[in-house]
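Fit chains H, V and L with the ligands to the given chain C structure using the hints.
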Amino acid sequence: MPKPCAKILDAVYEVNLLDLVDSELEKLSAEKSLGLSLGEMRKIQNYFIEEGRNPSDVELEALAQSWSEHCCYKSSRPILKKTVFNISAPQNICVISEDAGLVDFNSEYAYVVALESHNHPSALDPYGGAATGIGGVLRDVVCMGAKPIALIDPLFFGPLNYPEKKLSKGVKHPRYLFKGVVSGIADYGNRVGVPTVAGMVEFDESYVSNCLVNVGCVGIVKKKEIIHSRAGNVGDIYVLAGGKTGRDGIHGVTFASAELDAESEEKDIPAVQLGYAIMKEPLMHACLEANRKGLLTGMKDFGGGGLSCVSSEMAYAGGKGAVVDLDKIPLKQEGMFPWEIWVSESQERMLLSVRPVDIEKVREIFDFWDVPATIIGEVNDTKRITATYKGKIVLDMDLGFLLGGVVYERPYKLIPRNTSEPQYSIPDLSEMIHALLNSPRIGSREGIIRGYDFEVGGYTILKPMQGLVNSQTHGDAAVLKPLKESFQGLAVTADVNPLLCKHDPYWGAASAVDEVVRNLVAVNSVPHSMADCLNFGNPEKEGCLGDFVDCCEGLHFAASAYCMSFVSGNVSFYNEGAYGAIAPTPALIGIGIMPDVRNSISSDLKKEDNLLYLVGDSKHELGGSEYYRLLGLEGGRVPRTYPRETLKGMNSLLNVMDKKLVRSCHDISTGGLIVSALEMAFGGNLGLDLDLGVIPNLRTDIKLFSESNGRWLVEVGEDDAEEFESTTSAIKIGNTRKEKSLRIKDNGTDFTLPLNKLRESWDTALEME
Amino acid sequence: MIFQAEVRIELKPGVIDAEGETIHKSLKLLSYPVVNVNTVKVYVITLEADSSEDAKKEIDGACRRLLANPVIQNYSIHIENA
Amino acid sequence: MIFQAEVRIELKPGVIDAEGETIHKSLKLLSYPVVNVNTVKVYVITLEADSSEDAKKEIDGACRRLLANPVIQNYSIHIENA
Amino acid sequence: MKMTEACILYMEGTNCEEETKQAFEEVGVSAELVHLKQLTGDVSKNLERNLFDYRILMIPGGWSAGDYVRAGSIFAARIKSKILKEIKEFIGNGYLVGGICTGFQVLTELGLLPGFDGAYGVPQAALTTNLNSAFQCRPVYLKHNRKCAFTQKIGVGRILQVPVAHAEGRFIFGENNQMYLEKLLDNDQVVFRYCFPSGEFAGGKFPENPNGSLFDIAGICNLEGNVLGMMPHPERVMDSIQHADWTRTQHDTGDGRIFFESIAEHLKKI
Ligand SMILES: Nc1ncnc2c1ncn2[C@@H]1O[C@H](COP(=O)(O)OP(=O)(O)O)[C@@H](O)[C@H]1O
Ligand SMILES: [Mg+2]
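Protein chains in written order, with my numbering: chain C, 8 to 776; chain H, 27 to 108; chain V, 27 to 108; chain L, 547 to 816.
Just so you know, the hints here were simulated from the structure itself, not pulled from any lab data.
Mixed in with the good hints, there may be bad ones.
Sample of chain C residues facing chain H (criterion: CB under 8 Å; computed from the structure) [stated by the list, open to error]:
1) Leu131
2) Asp132
3) Lys176
4) His180
5) Tyr183
6) Gly253
7) Asp255
8) Tyr283
9) Ile285
10) Pro289
All C-beta atoms, glycine included, are put in the ideal place defined by N, C-alpha and C.
Chain C with its partners taken away, still in its complex shape:
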């Protein structure tokens, strides 16, 4: 048994670590919910043996935060280094190393991208968890000095019709989670006045007890106003700006780094953080104003690990040390222990590093915005982090030790998948088309999208819903015009198909990159950068880590081939529950550059009697397709990526788009060619006459439903057909028509379906009630 701890102060204990044997070390870690392994506990013990003293509970908690998977990427770093971090691109200014990636926009400006997961908190409290996820990613962008201009929300839930009876204790129904998450994002995002312009929603049984809530943010910053997450100079002052510190969010990162279980509901209450959008909005304004006026030497948001991580990491990144006075931290409730103050993850807080001469000016700005700003510490040259409480030192550690962290080369293995082609009889094609449109994975997202203010600010030029008013359809990417004085734009999309990744992590991940590229090109932007949020199960399980490695390699392959690099990202492990690990989910957001937003292309069909072309090859690739899933089939070949061909398609498309030969364009993804074609038809409220005979060597169902990568559908006016055909290798597969129906012809097959019925299937797929 660990001996009772000695009191250092009323609320600080010395933890008797030096004389503990292995079993006692493990027990201590468990009892205090530190989440540290035996090896890690030993390493800590050795450090304190060298220091010649026992640690305080504050120090032990600090280590637990900094050494958590969430903060130090101990299982993933070696793999990431070889894969997703290992792509460089000339446009990158500062990537991977800070809270958000910085990429060149034009000579004067850079754009900023951040993507975070907020999975476990959202599984417990969907509304608050999702809201604080948005809050966190906004701070990631603001702390680079950038103004947030767009939010993106890739979401993953269990099936909405999942039988209530099958839920295990403490697990909330997917419907409840879905509604809560969407309204949390809406309420927070809308309140802070940043448009939510893109996202995605996927459904799969593997997410039933562990939904995924990923949130991304794009910002824009003048290059000369970029600020870094580091302490400036020795003697600078640490200023804590924003909300008070409370017991909410304690152990958030250790909690993010463990599996959820039945008791999580009661046990993990303090880990849930709570959002306060009405503090955030002025906080953002004040921080950006102070930075614009050149009053800050460093700025970092409070994320996972709270004050402990932010104050240490800023000092470490600046090559300095720091001392923080815990008595100065404004608290929400009395009686908080120093260790709680040190690791609390209360929301809406930022840490600023300020030269002493500028303190008054900084104060004035925060006063004007009614945002509290408190001096809490000072930067020094000790390369140590020190915390005092009631005049006594309660924490004093070498920053290299605290943040150098731990790294594991964990064992992994790739679990082979069934890739044999299943036998089946071809279903009724019209029924299947309706079934696909009515699938929650495919049907209209309008109910979600319109709950978000996607155009506050007035710069969302291509909106997520496109086409004829009151009959609008899904777009491929949103286009933003961030600067008043310029028509240059950014296109934004979010993609991954977890079903493909489940069937083949490598090609599934590569397909996600391919889809990003397709979506960005479809609106006439040049793919420019990506951020990744890698959501996986427990990395201590060899199979899970094998999937992770395979996905990372797939991402690396495809992204290198497309000359796109990952400029920021996040790894979320331990996404497991009663049903095992989630499907491997490397969620991506992609950013494209657009010289002139007035050349944006939308996805809605424009006019009758125009021609419809298919760019790219259709293949017998139905593994992981929605078609197979609806038929209950396993196996099959997952779509491969052929970057050389896709790049050819992409370049020829961008070329004809610049020549203004393209009236509308949409990429082909989940559900295949027919879903894509119909989405285009819905947006223009026009009919389509398709003749698939020109697609070589495939059965009709495969032509319609294969999810092969590298493909787009393009609408072209009759007058432009000749020029279009001469510059691309696209094949003509039909034409638009006034009659509001879909006609499909292919080697003897010939049937017609009314558009309004098809639209109804698509419109009603996602029950929002």
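What follows is chains H, V and L with the ligands alone, placed relative to chain C:
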């Protein structure tokens, strides 16, 4: 039989009440001598059930499934004959 | 002295309770035998005042100035010693 | 020094002030962002502002104070406690007061709209939860019904496509819907109504009428026509490429521009 249930949903202690805090701040600005504001959500639900116990059971289910989140909220149910 | 006021704000009869109706629909979808849902907003306000009457007067003012819109809402106040 | 013409009033949570300011500037009206505290005197002297130095007070959209209690109510209560009298005088002098989205909610909570019988200070109407109780961000069509100081240049009967983005935009008079609606019509105070692209009124049908507003009301003015509130956001469609369907239609310019041009023209006359 028709019953009327009053469901009262409150945030657990320690959970920040953003709305309550905003109202508190506003009332103070309007110079009311207010020390604290908590918001409570009340649903008055009319339903059919065989007995008051049944009604309570139904509503309890609805609370757990839809209306309240036990992680951050407490709820109480009061049933009356309508 | 410290008092606790419970302010209860209801929609006037005849004013459509959009939120109540949405919840009603959701509960019906989950097959609860629900006939009607009304939403009520409750604020629990702790305040300083010389007497219970004073407390009531203050809160009544707050309702008229901020918490209720008399066009569509009725309010009632219940004061307790805290 | 030429004085600034438009005072764009903001507080924590309003978030359309920048684009509203820009809209004014694009039509040649100088505009300044002014925090509520600067008008109520809760700031240092050098930051204080005087309403009477401007000729139009514009309350932009957003989520003032988080839209808690009711949308716009906290903003309104703070105005009421400090500067309502000044605003009344400002209006009485013939200057303009406008509200978009939250701004409309604030003006309604203040009783400045519809402003029957000059009884300022108590609400006479409400902008309450959308009928489907969901936030709605979507383009709608508006029919211009009556010219006022804000809409002189817009022909009566003209149809504009302008987006809405709100959760509480259902205009009602509560128990006295019919009586007050008649009064509103007798006074000719309805400026914009939701309609189909053809111009036919929405008749309460969703999504053409996005919130269930009485009589498809999207915007109203006071009797004198110098106070206007509307739920849709004209400042979001100043240019053709800001429209929801610009890739398929030929808008020469944004449908919101003429609204601000009208204000600019009116300001020249006062
Ligand atoms: N959760 C969401 N939030 C915001 N926008 C969303 C969300 N889900 C989907 N969307 C939008 O709906 C459209 C269709 O989404 P999706 O079917 O995933 O498109 P695609 O398959 O072309 O990537 C896109 O514009 C996307 O940004
Ligand atoms: Mg997608």
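### Query
Can you list which hints this structure breaks, lowest number first?
Violated hints (numbers, rising): 3, 10; every other hint is consistent with the structure.
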